[in-house]
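Chains C and G, in that order, give the protein sequences. Here the first sequence is numbered in the working numbering, starting from 190 and rising by one per residue. Here the second sequence is numbered in the working numbering, starting from 235 and rising by one per residue.
Calculated from the structure, these hints are not laboratory results. There could be a bad hint or two in this list.
[Unchecked claim] Far from chain G, some chain C residues (derived; all Cβ distances over 12 Å):
#1 E194
#2 G238
#3 E252
#4 A266
#5 R296
#6 D305
#7 A330
#8 I372
#9 E375
#10 N378
#11 R381
#12 R395
#13 A409
[To be verified] Selected chain G positions facing chain C (Cβ under 10 Å, derived; list incomplete):
#14 P594
#15 E595
#16 G612
#17 D615
#18 D617
#19 Y621
#20 A632
#21 R633
#22 L636
#23 F640
The model shown is predicted, which means the values in this text are computed figures rather than measured ones. Note that CB positions come from ideal geometry on N, CA and C, so glycine has one too.
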Amino acid sequence: MLVIENLHVSVGDKPVLRGIDLEIAAGEVHAIMGPNGSGKSTLSYVLAGREGYEVTAGRALFEGRDLLAQAPEERAADGLFLAFQYPVELPGVTNMNFLKESVNAVRAKRDEGPLDAMQFLKHVRAKTSQLAITDEMLRRAVNVGFSGGEKKRNEVLQMAVLEPKLAVLDETDSGLDIDALKIVSEGVNALRSPERSMLVITHYQRLLNHIVPDRVHVLAHGRIVDSGGRELAEKLEASGYADYEATEAA
Amino acid sequence: MATSTRNFRSPEPLAPATAWLGDGEAAWAAGLRTAARARLAAHGLPTAKAETWRHTNLNRLLALAPAPEAPGGTPALDHAPGLLAGEAVAARLVFVDGRLNPALSQLDELPAGLEIRPLAAVLGDGQAPEALAQEDATRPFHDLATALMSDGMVLELSPGTVLERPIECVHIALADEGAKAHHLRHLIRLGAESAADIVESRLTLGTGATLVNESTSIDLAAGAHLSLTRLYEGGAEDHGIRQSFARLDKGARLEAFVALLGGALNREEIVAEVVGETASCDLAGVYLLAGRQHGDVITEVTHAVPDTTSNQVFKGVLDDRAQAVFQGRVTVAPGAQGTDGRQLNKTLLLSDEAEIDTKPELEIYADDVKCAHGATTGALDEDALFYLRARGIPLARARHLLVEAFLTDALEGVTSAPLREALAARIQAWSAPEDAKGEEA
Ligand SMILES: Nc1ncnc2c1ncn2[C@@H]1O[C@H](COP(=O)(O)OP(=O)(O)OP(=O)(O)O)[C@@H](O)[C@H]1O
Ligand SMILES: [Mg+2]
Numbered sequence: 190m191l192v193i194e195n196l197h198v199s200v201g202d203k204p205v206l207r208g209i210d211l212e213i214a215a216g217e218v219h220a221i222m223g224p225n226g227s228g229k230s231t232l233s234y235v236l237a238g239r240e241g242y243e244v245t246a247g248r249a250l251f252e253g254r255d256l257l258a259q260a261p262e263e264r265a266a267d268g269l270f271l272a273f274q275y276p277v278e279l280p281g282v283t284n285m286n287f288l289k290e291s292v293n294a295v296r297a298k299r300d301e302g303p304l305d306a307m308q309f310l311k312h313v314r315a316k317t318s319q320l321a322i323t324d325e326m327l328r329r330a331v332n333v334g335f336s337g338g339e340k341k342r343n344e345v346l347q348m349a350v351l352e353p354k355l356a357v358l359d360e361t362d363s364g365l366d367i368d369a370l371k372i373v374s375e376g377v378n379a380l381r382s383p384e385r386s387m388l389v390i391t392h393y394q395r396l397l398n399h400i401v402p403d404r405v406h407v408l409a410h411g412r413i414v415d416s417g418g419r420e421l422a423e424k425l426e427a428s429g430y431a432d433y434e435a436t437e438a439a
Numbered sequence: 235m236a237t238s239t240r241n242f243r244s245p246e247p248l249a250p251a252t253a254w255l256g257d258g259e260a261a262w263a264a265g266l267r268t269a270a271r272a273r274l275a276a277h278g279l280p281t282a283k284a285e286t287w288r289h290t291n292l293n294r295l296l297a298l299a300p301a302p303e304a305p306g307g308t309p310a311l312d313h314a315p316g317l318l319a320g321e322a323v324a325a326r327l328v329f330v331d332g333r334l335n336p337a338l339s340q341l342d343e344l345p346a347g348l349e350i351r352p353l354a355a356v357l358g359d360g361q362a363p364e365a366l367a368q369e370d371a372t373r374p375f376h377d378l379a380t381a382l383m384s385d386g387m388v389l390e391l392s393p394g395t396v397l398e399r400p401i402e403c404v405h406i407a408l409a410d411e412g413a414k415a416h417h418l419r420h421l422i423r424l425g426a427e428s429a430a431d432i433v434e435s436r437l438t439l440g441t442g443a444t445l446v447n448e449s450t451s452i453d454l455a456a457g458a459h460l461s462l463t464r465l466y467e468g469g470a471e472d473h474g475i476r477q478s479f480a481r482l483d484k485g486a487r488l489e490a491f492v493a494l495l496g497g498a499l500n501r502e503e504i505v506a507e508v509v510g511e512t513a514s515c516d517l518a519g520v521y522l523l524a525g526r527q528h529g530d531v532i533t534e535v536t537h538a539v540p541d542t543t544s545n546q547v548f549k550g551v552l553d554d555r556a557q558a559v560f561q562g563r564v565t566v567a568p569g570a571q572g573t574d575g576r577q578l579n580k581t582l583l584l585s586d587e588a589e590i591d592t593k594p595e596l597e598i599y600a601d602d603v604k605c606a607h608g609a610t611t612g613a614l615d616e617d618a619l620f621y622l623r624a625r626g627i628p629l630a631r632a633r634h635l636l637v638e639a640f641l642t643d644a645l646e647g648v649t650s651a652p653l654r655e656a657l658a659a660r661i662q663a664w665s666a667p668e669d670a671k672g673e674e675a
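Full structure from sequences and hints, please.
Okay, here's the thing in C-alpha cells:
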C-alpha cells in the first residue's frame with residue numbers, strides 16, 4: 190500500500206526527516222510514536238502534499254505510484270486521507286457542504302457521478318450517528334467554534350465519509366475525553382478492513398488499546414529508531430524516550 | 235488632448251458642444267444646463283488632488299473622450315435582461331443608450347400613488363422639479379450629468395403608498411463602435427410613510443467604449459422606506475460613474491445594496507444626509523473585479539440630528555491587476571447625540587498585483603455616540619486551501635469555495651429572496667473557475 194524509502198525532508202534549511210524507511214501493507218495498522226518535534230506531523234504533511242517541505246532525497250510510493258509527484262487533491266482522490274493534528278477552520282463553509290464537495294470531487298476524479306442529495310444524506314447520516322455528531326454540527330461552518338474534541342471527531346467523520354484506502358491519523362486522540370476516545374476508536378475500527386491501511390500517530394499507548402496496531406515505530410530526530418509489535422508502545426509508556434535520546438547523542 | 239495641471243483638469247474631452255441637446259425643452263432646463271456647464275468649466279474635472287479621486291485614474295477615459303449622441307432610430311433590441319426578468323413588477327423602465335425605451339418598458343397601469351415620468355418629458359414642462367437644481371461643487375460629474383442629461387427616471391410616491399411589487403430599472407448601453415457617453419439624472423421622491431423597492435441593473439452589449447454617468451437625488455419624507463439595489467456589469471471598456479444624494483427625514487429608512495461586477499472604471503458614490511431623528515441608513519455591497527478593472531465605493535453619511543443610525547458593510551474580491559478604492563466617511567454633527575454609525579470594509583486579494591486602497595473615516599463632533607469602523611485586507615488562507623485540497627477538492631474549486639465563503643454574508647441585507655438569488659447567481663458566475671462552471675451546469 191505505502192512504501193517510503195530513505196525519505197529526507199527539509200523545512201527551510203532545516204533537515205527534519207533524515208532518512209525514513211517504512212512499509213505498510215494493505216490491511217495493516219502501524220503506529221508512530223515519538224517525542225515532540227521529532228517530525229511526525231512533518232511526515233504526515235509530506236505524504237498529504239502540503240507546500241513548504243522540500244524532499245531532498247528518497248521517495249514514497251502509494252499503491253506503486255510516485256506519491257510525491259502528485260497534487261494534494263490527486264492523492265486524496267486516490268484514497269489517501271490525513272486527519273490533521275490541528276484541523277483548520279473554514280468560516281463560511283458549512284460542514285455539510287464541505288463533505289459534499291469533497292465526496293463529489295473524489296468521485297469525479299474516479300469518473301463516478303456525483304451523489305444526489307438523498308444518497309449523500311443517507312451516506313453521511315450512517316456515519317454521524319456512529320460518531321455521535323449532531324445535525325447542528327453539520328450545519329455549522331467547518332470547525333468554527335468547535336471544541337478540541339469536536340474537531341477531532343469531525344476529522345474522523347470526514348474519513349468515514351470518504352472511505353480512504355490509507356488513513357494517516359495525526360494525534361487524533363489528543364484532546365478527546367474518555368468517552369470520545371472510545372467513540373472515535375470505534376469509528377476508526379469500523380473502517381478497518383483487509384483493503385484499508387492506517388498510520389496512527391499518537392503520544393499515548395491508551396489509544397493503541399482501542400486501535401490495536403500491527404506494528405509500532407519510534408520516530409526520533411527525523412529517523413525511525415525502533416520498531417516492534419504493540420508491546421513496544423507499552424514499553425515506551427513506562428520508560429519514555431530517554432534511551433533513544435542517548436542513542437542519538439552517541 | 236486632455237489638459238491637466240496639478241490643480242485644473244479641463245472637462246472638454248467629456249463635454250463637447252452638443253447643439254442638439256435641449257431641443258424642445260423649457261427655458262429653465264436650458265438655464266440649468268448652461269449653469270452646470272459654467273460651473274464645470276470653472277472647476278474642471280477631478281484631479282488626483284481631490285481626496286476621493288486620488289487613486290482613480292481618469293486618463294484612459296479622457297483619452298477615449300466618449301461623446302453623447304443625438305437621438306437616433308430605435309435600437310434593435312427585443313428584451314432587457316434585468317435582475318427581475320420574468321418577475322411581476324410595479325413598473326419596469328428600460329433605458330437604452332441613455333434614453334427610455336417605451337417598447338421595452340412597462341409604465342402603464344402603475345399602482346395608485348406611484349407616478350413615474352421620463353426626465354426627457356419633464357424637461358419640457360413649465361415647472362422645474364426642485365431637486366433637479368441641486369448643486370454640488372465638489373462633484374464635477376454631477377454637473378456634467380446636468381449639463382448633458384439625456385433622460386432619467388423621475389419617480390414620485392404619494393404619502394402612505396406602500397408598493398407591493400418592486401420597480402425595475404434596466405440600463406443598457408449598446409457599444410458597437412466609437413466611444414459613447416450617456417448622462418442621466420434620476421429623481422426619487424418618497425412621500426411620508428410610503429415604501430418602495432427599486433432594483434436597477436446596468437449592462438453593456440457589445441465591446442465598444444462607454445461612459446454612463448448618472449446622478450440620483452433621493453428624498454425620503456418622514457417614515458418613508460426605500461430599498462435600492464444596484465447591479466453593475468460592465469466590459470473592459472465600460473466606465474460607469476454614479477453619484478447619489480439622499481436625504482432622510484424623521485424615521486425614514488434607506489437600504490442600498492450595490493454590486494459592482496466589472497467595468498474599466500466603475501464608481502459608486504453615495505452621499506446621505508440623515509436629517510430626521512430615528513432615521514436609518516444602511517449601505518452595503520460587493521465589488522468583484524478582475525483583469526485591469528477599477529472600482530470605487532465612496533460613501534459619505536452625515537448624522538445631523540440625534541438618535542439616527544447608519545451601517546455600512548462593503549466586501550470586495552480582487553483578482554489579477556484589479557484595483558479598488560473604498561472611502562467611507564461617517565460624520566456626526568455637533569449635537570447629534572445617540573448616533574450609532576458603523577462601517578466595515580473587507581477585501582480579499584486573489585493576486586499579488588491586485589490593489590485596494592481603503593480608508594474608513596469617522597468624524598465625530600458629539601460625545602454620546604456609538605461608532606465603529608474597520609477594514610481588513612488579506613489573501614486566501616493557505617492552510618484552508620490545503621485543507622480543502624487534502625479532501626480531494628481541486629485547487630480552482632477550493633479557491634472558489636473560499637471566495638464564496640468570504641462573500642457568504644454579503645447578501646444578508648438584500649431582503650427580497652428572488653433578488654438575493656439573482657444576485658447570488660451573478661456573484662457565483664463571477665467567482666466560479668472556468669473548469670468548475672462546466673461541472674455545475
Ligand atoms: N514550517 C516550519 N517552519 C520551521 N520549522 C518547522 C516547520 N514545520 C516543522 N518544523 C520543525 O520541524 C520539527 C518537526 O516538527 P513536527 O511538527 O513534524 O513534529 P511532531 O513530531 O509532529 O511534534 P508534536 O509531537 O509536537 O506534534 C520541529 O522542530 C518543528 O519546529
Ligand atoms: Mg505533530
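Going down the list of hints, with the structure as the test:
Against chain G, the non-interface label of C/E194 holds: every CB pair exceeds 12 Å, the least being about 23 Å. Against the 12 Å criterion, C/G238 falls within the reach of chain G, whose nearest CB is about 7 Å from its own CB. For C/E252, the non-interface assignment is confirmed: its Cβ lies about 16 Å from the closest Cβ of chain G, beyond the 12 Å cut-off. Not every CB of chain G lies more than 12 Å from the CB of C/A266, the least distance being 5 Å, so the non-interface label is violated.
In this structure C/R296 is not separated from chain G by more than 12 Å, as the shortest Cβ-Cβ distance comes to only about 9 Å. Distance check on C/D305: its Cβ is at least 15 Å (rounded) from any Cβ of chain G, clearing the 12 Å threshold; non-interface status holds. With a least beta-carbon separation of about 8 Å from chain G, C/A330 fails to lie farther than 12 Å from that chain, contradicting its non-interface assignment. Against chain G, the non-interface label of C/I372 holds: every CB pair exceeds 12 Å, the least being about 22 Å.
For C/E375, the non-interface assignment is confirmed: its Cβ lies about 23 Å from the closest Cβ of chain G, beyond the 12 Å cut-off. The claim that C/N378 lies off the interface holds: its Cβ sits roughly 22 Å from the closest Cβ of chain G, which is beyond the 12 Å cut-off. With a least CB separation of 21 Å from chain G, C/R381 remains clear of the 12 Å interface cut-off, as annotated. Here C/R395 stays apart from chain G, with its beta-carbon at least about 27 Å from theirs, past the 12 Å limit.
Distance check on C/A409: its Cβ is at least 26 Å (rounded) from any Cβ of chain G, clearing the 12 Å threshold; non-interface status holds. A distance limit of 10 Å between C-beta atoms decides the matter here; for G/P594 the minimum to chain C is near 22 Å, and the interface restraint is violated. Interface hint status for G/E595: violated, as the beta-carbon distance to the closest one in chain C is roughly 27 Å, over 10 Å. Nearest Cβ of chain C to the Cβ of G/G612: about 12 Å, over the 10 Å cut. The hint is violated.
Interface hint at G/D615: satisfied, since its Cβ lies 8 Å from the closest Cβ of chain C, which is below the 10 Å cut-off. For G/D617, the interface hint holds, since its Cβ comes within 10 Å of a Cβ in chain C; the closest pair sits about 5 Å apart. Taking 10 Å as the C-beta cut-off, the interface hint given for G/Y621 holds, the closest approach to chain C being about 4 Å. Satisfaction of the interface hint for G/A632 is found here, the shortest Cβ-Cβ separation to chain C being roughly 8 Å, below the 10 Å cut-off.
At about 12 Å, the closest approach between the beta carbon of G/R633 and any beta carbon in chain C exceeds 10 Å, and the interface hint on this residue is violated. Taken as an interface hint, G/L636 checks out: its beta carbon lies about 8 Å from the nearest beta carbon of chain C, inside 10 Å. At a threshold of 10 Å, the smallest CB-CB gap from G/F640 to chain C is about 6 Å, leaving the interface hint in force.
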